[in-house]
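Peer 1: If you want the building blocks of each chain, they are given just below.
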Amino acid sequence: MARKPLDYEELNENVKKVRYAVRGELYLRASELQKEGKKIIFTNVGNPHALGQKPLTFGRQVVALCQAPFLLDDPHVGLMFPADAIARAKHYLAMAKGGLGAYSDSRGIPGIRKEVADFIHKRDGYPTDPELIYLTDGASKGVMQILNTIIRNERDGILVPVPQYPLYSASISLYGGSLVPYYLEEEANWSLDFVNIRQTVVEARSKGITVRAMVIINPGNPTGQCLSEANIKEVLQFCYHENLVLLADEVYQQNVFQDERPFISARKVMFDMGPPLSRELQLVSFHTVSKGNWGECGQRGGYFEMTNLPPKTVDEIYKVASIALSPNVPGQIFMGVMVNPPKPGDISYPKFAAESKSVHESLRRRARMMTDGFNSCRNVVCNFTEGAMYSFPQIRLPPRAIEAAKRAGKAADVFYCLKLLEATGISTVPGSGFGQKEGVFHLRTTILPAEEDFPAIMSSFKKFNDSFMEQYEGYSRM
Amino acid sequence: MAPAASVAVENLNPKVLKCEYAVRGEIVIHAQRLQQQLQTQPGSLPFDQILFCNIGNPQSLGQQPVTFFREVLALCDHPCLLEKEETKSLFSADAISRAKQILATIPGRATGAYSHSQGVKGLRDAIAAGITSRDGFPANADDIFITDGASPGVHMMMQLLIRNEKDGILCPIPQYPLYSASIALHGGALVPYYLDEKTGWGLEISDLKKQLEDARSKGIDVRALVVINPGNPTGQVLAEDNQYDIVKFCKNEGLVLLADEVYQENIYVDNKKFNSFKKIARSMGYGEDDLPLVSFQSVSKGYYGECGKRGGYMEITGFSAPVREQIYKVASVNLCSNITGQILASLVMNPPKVGDESYASYKAEKDAILQSLARRAKALEDAFNKLEGISCNKAEGAMYLFPQIHLPQKAIEAAKAAKKAPDAFYVLRLLESTGIVVVPGSGFGQVPGTWHIRCTILPQEDKIPAVITRFKVFHEAFMAEYRD
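So the protein lines, in turn, are chains H and R. Going by the UniProt record's numbering, the letters in the first sequence line up with residues 1 to 478, in that order. Going by the UniProt record's numbering, the letters in the second sequence line up with residues 1 to 484, in that order.
Same shape as in the complex, but just chain R (with noise of 0.2 Å):
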């Protein structure tokens, strides 16, 4: 009889057991729990439905779909209704040219089949001529693999670079977990380089370039530095000379970039614009070949918040040939993407124009979100700022709001005796007091001794007023308990 090796906790892949994602983690799992309390005994709890501000999932708390997106994708779900008179009547006429556009660069007009493993290439040269057209520098369909969603990305990229756990990436802290979850599941070194609070999260070369030392004298072989822009969570855009200096930064130390930039669409500041990557790269006179550098998008963001579909893309330049082959022979072992999500990959960057019939409404929806997003970023930073013991940073970008918390000695203590980290203390306590489910510091790493919260801006805006007042009630509560 064989030794007991049955799929058990003790005999999983340590990398698995090693990987951790608050954002999904216990905290959820928690409210979870008791958004079933709710149903089954109502009345039992303090509050009357659990809100959740952990994620940035947009239209679960209400946000609209862009109507023309919708329109285009159910014309390509349902081709048998562009020969229908009356679609004519239920869609507009743009909506239905791009949709019959889209499904003659399909072959077969088959959205049911597996399609090329990079994408649909009619889908990818609209992205490449969305690219072109945002940067002013030319992009190529064949750079483009599009995903289920940036995620899958990432981890592709991670697996292609790491290669033992003496191999390190460079990110962020505070940092969007599935940057610490996939280095761990692929057994690589998070190597952290710590945004600055203090100036509005900035990022210091000098801190970067000391932390990498710091890790080859460690015997880490650093392979890429990852950049979040705009930030997660801490909303900052990054300004123009720091993306020079991060490149040049790259370029030196021959690191691969890895520019996560899915909230590149999602910007409430004048003073600041999104400028990509490969845009900074090329306007310093960086070719092809170069610099290599990965550019992650999504349609979970932005103003179009379509999380569900589970779509992205990432754009590979400055990679040679034979690099490119494994990228794709990955890519190819999953077939490819799903099809809708490609779809809408391809409206995202290239989205109704001035004279289009459905320009003015798509604007319209556009701009009333974005609009609405950066008064709802206000809203809670200035109400967040107001509380005793809380510090909140502007989020100049991106969906949620990091302010710090400064947790009395006492609530410190209260926290250890429950055997807790006291930022997952407080987000607990909040949950049981109000139903607002937030994400604990923790969860994205912050400088030790500091606590913070993740709380996205997307609950809907006449909700805020209460959100914020039952934060305060819970907060002013909390303080004069545990107030030193």
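Here chain H stands alone, though its shape is the one from the complex (with noise of 0.2 Å):
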């Protein structure tokens, strides 16, 4: 019988390999435990209205008058909604031509993108070209619409942190590139070493590979840490010195747990330096309405900004773009709403103050909790989460619990994982799934959870996490 074109075996290679262990083996199996009755906790994704967040009442607001202008007609509407939120509605409404229901400009609406381009220039102290600056469905569209854009073939690499979220993995894996991974230091709080950097590209240069571009996730995914000026001024040079295209993935800028290294902008630091570098050098910036405080995952709305790219490459960008349409309008929306919010004075501040210093807070007091949680189990080790939403704790396995995973055919921390899911139904993402270095493990959760039912959730983990070590580390029968 003929090969069929769907068979297996004749897909596209490049799919098969593509890795996204964040809905990958665990989380089936836990839907899977779902089904059959189990009371799971899912903590395997950033997706923070799963787990009881509330959305920013302003922002929803806007949205629903947008999306039914009838109310703006009614008399009572002032009854239902604030001033500010019906005229913010009346002002976006007003730049989309045909409402939500129209498809926008291919780039998005310019409008919105001049209100990211001002929140921008705010945010660093430098003007940015709204021209430049384009709204995707979600910043992963953006990602993987670069990533397309740089790879030409199988030599051409991407320098990608490890751990990683793998939405980078599997972009290089789709698009047919090679991934160039520089190890964080775990030790040294997650930070970057260059010298291993270097040593890094020369080996790849050596095998054939051309150098394109650098990663860098600030805040951190998974590991949270906050990345120093310093440090940012070093990804800088080097990025020029090699010629890499800078791309930035500044997605949980707003969601910093610490106070002694706040968020600083790639574009801001880049500025600073000043020319050449500020002229010359190549960076994409991107940014989302799913993390910070608003948690707006299922929204899909997210941008990059290019800076210093050149004109008939911006073109090329938009060409491809404009096959998608347009990005979808509500997104856009809340783009425009969380760059541009409620101020002091307007009537919903109050409310959209306490909504998100609320939120903020109650996520800084859960990273320390998890943090500390786990530093108290057996074998666990944890770096303190300084930004982002996940915590990554290392579990150091001891060697009986490696032998048994490799009898059940699995790696040793999914192993480790898929054990933790079925007893206490905590659904967690292995850290193989992001990549670590040889032999060492780790887990990634978010501190999503509600803060009341985390006391429960850490001390549930540890009852299986202690046991677990006393069944594999117990004295051997000799």
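Just so you know, the hints here were simulated from the structure itself, not pulled from any lab data. Be aware that one or more of the hints could be misleading.
Unchecked claim - Restraint-style ranges between C-beta atoms, simulated for each label pair:
| no. | chain 1 | residue 1 | chain 2 | residue 2 | range |
| --- | --- | --- | --- | --- | --- |
| 1 | R | Gln41 | H | Asn196 | 21 to 29 Å |
| 2 | H | Pro344 | R | Leu82 | 57 to 65 Å |
| 3 | R | Gln36 | H | Gly78 | 34 to 42 Å |
| 4 | H | Pro127 | R | Asn385 | 52 to 60 Å |
| 5 | H | Gly111 | R | Gly389 | 51 to 59 Å |
| 6 | R | Pro322 | H | Ala408 | 20 to 28 Å |
Since the model is a prediction, treat every value here as computed from it, not as a measurement. Idealized CB from N, CA, C, for every residue including glycine.
With the hints as a guide, bring both chains together as one complex.
Peer 2: So, in structure tokens, the structure goes:
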């Protein structure tokens, strides 16, 4: 019988190579168990609303009014919506010819891109061009688009931190490029080691790889570290000398839980450093409405900002964006509201400020609770979650556990995470999904479960972990 | 110091450089510049507004959304409204209960959370029920992947199918250039089959077979057949026996059938109706495992025209479990499609029914839009056919007219001198004289030596006479200038 085109063997190999553990084996097993009636706590993905975080009211009010403009004509609308939400809805409807139902400009609604530009200017102190800001259906689509533009063939390499958010490894596989890993130093708070990075690049080049770009994730995912200004300077200088485009994933910029290293954008540091670097280094920066205090993952709203890309390259990126016609308009409006939120003096400001503060401070408390909770467990060492939404504890698995995993045909951390899931219902992602040094195991969980559930979750984890360690580390029968 | 490797056009992915998308290409960029010029220098051009007839974007030209759909979406966007007393007087009761029902299927009622990567299960159930009701054959929620518009689904399938430049996909010419662009982006080969303009853009199986064999003889491994029904840009609705032949052809030749059915609710003739390829295949006795078929639908077209929401789905049947896992895996990298679009897809496939409070107004809105579209299609078709050197097939469905312009030799030479394709030259002159934006036929493909333009039927009905007049004036002047 002739091979059919969609037989497994006939598929695009690049697709088969893709791995995305965040919704991989552990998640699928957890979903199965959930169907069987087990209570599952999903901590596999940064999905705040799924774990009870409430949306910020103002954004929802504005989008609902834009969705159903007939409300604006009703005399009672002022009873149901505050005046500034009503005004803001009208502001966005005026920008969007045809309202929420029309394809916008393929780069996003110009007025909203201007709001993003104003936000960036205010944040960094340097102006930026709205024409070089493209809105996308989530930051992921923007990352994929830029990587697809850069990668020509398997000899094009992209420097990616390890551990990394596996969107990068998956996209590089899909587009047939090479991932050039640079290891973050766990003992030094997941910092970058430039001696190591330079060595990595030399090795890659000796194998015929053309290293084209460097990815930084700041704050880090899964690692949470916030880069210092000095670190970012080193990154910029490195990219400048090695002629790499810097891809700065800054989606967690609003999630910072310590005061020593506040968020500073790669763009700001670059302009602080001045010419010639600031005029020549190519940079693409990514942001989203899915994280921060907003957590509006389901809206799929994001943007990328291009700096120092040649006009012809921008034209090509525009061309590809136009094939997808336009990013979804409600997501664009969420982006507008996020970068241009209620200000002191606005009617909605007190509520907005209180809601945001509450989310932020709770996340900060949970970051601390989780780190401390893990560090109190046997054979578990955990760096503090300085930013983002995750905890990435190192699990020092005893040799007998590693052997048991091997016998079960599983990677050691997958084995541990499956047992954790079955015992406690906590669904995590094994560290191998993000990359880690050989023989060192981790898991990624989120700090997102509701604060009141934390003590029970951490104690459930500790109970499982300590008895797992007892089981596999207990005295051997000699 | 490393050799220059920075990201410049010389070292971009060549597949990106190769792909093209005329619907928002050069002519549109030029139109946007002219639009800006009208703002900064009013009166500087022979028209006072740009009329975008290049893209199937109904609501940007004044079409109103379906009220019931927007009521439900607003309530789902801001569920707090459901707790307010005033809501009952502002929203219809069935919109309120549908919103509640939808929120109950979303875990935690959290419309801001990433959903299952195929889309919320309850919404897929509603879509599957809608498909079953439409076709009379069962559909399965597990076969459905809700996407940000139909286009990402098309890209996913091209990615899956195309391994290298020897993998070919059969595409109709003329075609919607998403297909040519996607095939180029994924590095495959477009294998054209020509629709026959003389027979109302008919599809001949003999031509399909000829193109297939031709491609194979050149070492191309032809993997799939794209059929757009109703057609874009051509508007034809396939006859049922044509559809039987197509299914048989795919079965015999081992091709995946990619059925773009986004215009399924845009039919303007009484003697044709939409049959989904799934329905056709099932009614021929082909079951679940007999034929790999992917059917695409969207919330952007029909009578709902919700382009900006980016909602759509693909229904995949006839694929093995390992292959479905791969499709799921690729979908999961993007986590999920936007929730509003997902909800809208479930509403489109499961709209108000007889007896529902909103049914009467929903039906009135739907009928008004579809009847108006049918009238506009006819008005524009007749107008084109009255002009010298223009022949225009009927738009049986979809949202476009694709008239053939028989350009005089002098015009073709003028185009050459201006370094433009003749139809692009014509379209540019049309834009500069009238402000009307259409897309040259070369953007869709056409029999060499023939020239077309694609014009939407979407300007509001009261604007159509003015559009026709402006076009007529331009065309007559153009022909006077270039007549042989």
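Peer 1: Please go over all the hints and tell whether each is borne out by the structure.
Peer 2: Going through the hints against the structure:
Distance hint check: the CB atoms of Gln41(R) and Asn196(H) are about 58 Å apart, inconsistent with the given range 21 to 29 Å. Distance hint for Pro344(H) and Leu82(R): a CB-CB separation of about 31 Å, inconsistent with the stated range 57 to 65 Å. Between Gln36(R) and Gly78(H) the beta carbons are some 36 Å apart, a value that agrees with the proposed interval 34 to 42 Å. The hint said 52 to 60 Å for the Cβ distance between Pro127(H) and Asn385(R), and at roughly 54 Å that hint holds.
Between Gly111(H) and Gly389(R) the C-beta distance comes to about 43 Å, which lies outside the given range of 51 to 59 Å. In this structure the hint that Pro322(R) and Ala408(H) lie 20 to 28 Å apart at CB holds, the actual value being about 22 Å.
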